[in-house]
Amino acid sequence: MIGKISLNKKLAALAILLGLIGILAGSPNESSAGKIDTNQLALEIANQSNIIKPTDLAKSMIDGSNTFRMVDLRNESDFTAGNIEGSENFPVAQINKSDLRRNEKILLYSNSEIETAQAWMLLKSKNYKSVYMLKGGWTGWQREVLGIAEGQTAASGSLFGSKTADETAVAPAPSDGIKLPPSMPAKSGKKKKEGC
Amino acid sequence: MDQSLINDKPTKYMNPYLAGIGLGLVLLASFVVMGRGLGASGAFSTLIAAGTNIVSPEHAKSNAYFSEYLGLNLSETLKDWLLFEVIGVVIGGFVSGLFAGRIKLKTDKGPNISNGKRYLFAFIGGGLMGVGAKIARGCTSGQALTGGASLAFGSWVFMMMVFAGGYMFAYFIRRQWR
Amino acid sequence: MIAPLFKFGYFGDEFSLIIAVLIGIGFGFFLERAGFGSSTKLAAQFYFYDMTVLKVMFTAIVTAMVGLLYFGWLGILDLTLVSVNQTYLVSQIVGGLILGVGFVIGGYCPGTSVVACATGKKDAMVFVLGVLFGIFVFGELYSYIFEPIMDLSAMGRVLLPDVLHLSYGLVVFLVVVMAIGAFILAEYVEKKLVLKKGK
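Chains A, B and C, in that order, give the protein sequences. Numbering-wise (the numbering used here), the first sequence opens with residue 1 and increments by one. Numbering-wise (the numbering used here), the second sequence opens with residue 1 and increments by one. Numbering-wise (the numbering used here), the third sequence opens with residue 1 and increments by one.
Treat the hints loosely; a few may be bogus.
[Unchecked claim] Partner residues are not named here, just some residues of chain A that face chain C (Cβ under 8 Å, in silico):
(1) I16
(2) L20
(3) S27
(4) N127
Keep in mind the hints are simulated off the structure, nothing from the lab. The beta-carbon is built from N, C-alpha and C at its ideal position, and this holds for glycine as well.
Okay, chain A solo, but in the shape it has when bound (with noise of 0.2 Å):
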C-alpha cells in the first residue's frame, strides 16, 4: 500500500514539473517551430512542381474540380477592381494574420512574381503543407485566361466567356473572371458529425 501512494505521488510530481515547463510554451497555436525541410523545399522550387499554369486552373474552376484555396497577395484596391473568382485577399504584409490553414492547398497569386515567391517561401517555413504559385500571376491570368493585354482595362472584353460558351455549368463571364460553377460536387450527403 506505501508502494502504491508512493507512486501516485511520484506522478503528481511529475504532473506538475510538466505543467511548470509547459508555462514557457505560451500559446503554441502561433508557434512556428518544427523542421523544415529544405531539401524537400529544393526540390520543389527545381521540378516546378509547386506552379500552377492560369489555363489549368481555368480548366479546373470549370470543371468543378478546383480545389485550391486562392490567395490574392494584391493590396485591397487592386483585389476589389478584379479578381479571379473564388479567391480571397490577404495582403502580403496580413498573411501572418490569416486563417490559412496548414493543410489546405493554397495557390498565391499577385502582380509580382517575386512577392508571391517570398510569400510561399514565408508559408513553407511556417509548415504550411501544399503552396503553390500562378504562373504569372494576376497579369498572367488576364493574358491566357481573360484575353486582356496589360495595360487594357479588365472590362474591355473577356475572350474567356467565349472560350467556355459550350460549358453550361459556367455562367456568361463577367468582365473581371468566371463564375464559380454553382454547386462542389457533393462526396456524400453527409454531415460529418464529430464529438460524441
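Since chain A is already given, all that's left is putting chains B and C on it; use the hints.
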C-alpha cells in the same frame, strides 16, 4: 455489498491514475493521428438514423436530425468513424474483462432493489442520457473527456453540469444504489 | 508539422476506420480496467465512497492535455487542426444537467455502457436500449422542441485560455494543479467514508 466494493477495488481493478494515463494516451493518439477525440453517443445516433431509414426512408430523410447522419446508402451511413470506434470499445472491453475474469452474465445493482426495478431505472437513465447527450452535442466521452483535454470552454461548463446534475439527483435515487 | 496525420492526408477515409477500431480497443480496454464496466462502481462517485470516476477522468484529461501542449510546442502537431467542440452554453448546460441525472439513475454513460455490455451486464444492455430510445425521441421531436434551443448562445471555437485571457501553457498548468487538488480531496473523502463504514 458496499464493503465488498471497497475491498475489491485494490485487487480487482487497475490503479485509477494509471488507468487514467492509459486512457489519456489513447485520447492523445486519437488527437495526433486523426485530429479528433473520442466519442460514443454519436455511434448510437448513426444506428438509430440507419434503423429509421430502413423502416421508413421518407420519414428518416424528412427528419431534420436523422438526415444529417445518413449517407447516400446504408453502407456509407454505417462507415462512420465513431461507429467503428465503438466496435473497438466492445472488443477492448471484452478483452480486458476476459483477462481479468470479469466476463459474466449478471445484473449489476445495489442490494435493496429488484432486478425489474433496476432494469426500469436503467432504461429511464439511458433515455435521459440519450436526450441529454444529443442536446449537449456529446456525452462524457465526446464532451467531457475530449473537450476537457482540448480546453474547450463549453465542454468544461458541460462537465461541471454533469457532476452538478448527478449530485443534485443522487439523494432521490439513493435506495437504488445503497 | 505532420500531425494530425489524417488531416494532412497521410491516409484516407477507409484506413481511418481501421484506426477507429484500434483506438476504440484502447478506449474500451482502459475503461474496463478502471472498473467502468460496473454501474455500482460508477454510481458510487455520486455518493462519495468511490471516486474512481473523477480520478480516471481527470487523469486522462491531464495526460492528453499536457500531450497536446507539448506536441504543439515541438511543432509536431498543428493544434488549430485538432477539432475542438464548439461552445453552445445553453445546450451544454441543459444537456449536461439532464445527462448528470441520467447518469445517477441509469448508472452508466454511453461509453461505459458499451463496455459493461461487452462484459455481460444485463442492466447495461437495457441501458443501451434506453439510450437508443432517447435518441429516437430526441430526433422525432427535434424540430418541435429541441431545434430552437440548440443554437442559442452559439460562441464557436472558444477555449479556456481565451475566456481567462491567459496563455495556453498557463491554463494547462492551472488545470494540472486543480486536478491534483481534486485527487487529494477525493482520497481524503474516500478514507473518511471507509473509516465510518468500519465502525
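To see whether the hints hold, each was checked on the structure:
| no. | hint | result |
| --- | --- | --- |
| 1 | I16 | 6 Å, holds |
| 2 | L20 | 6 Å, holds |
| 3 | S27 | 4 Å, holds |
| 4 | N127 | 4 Å, holds |
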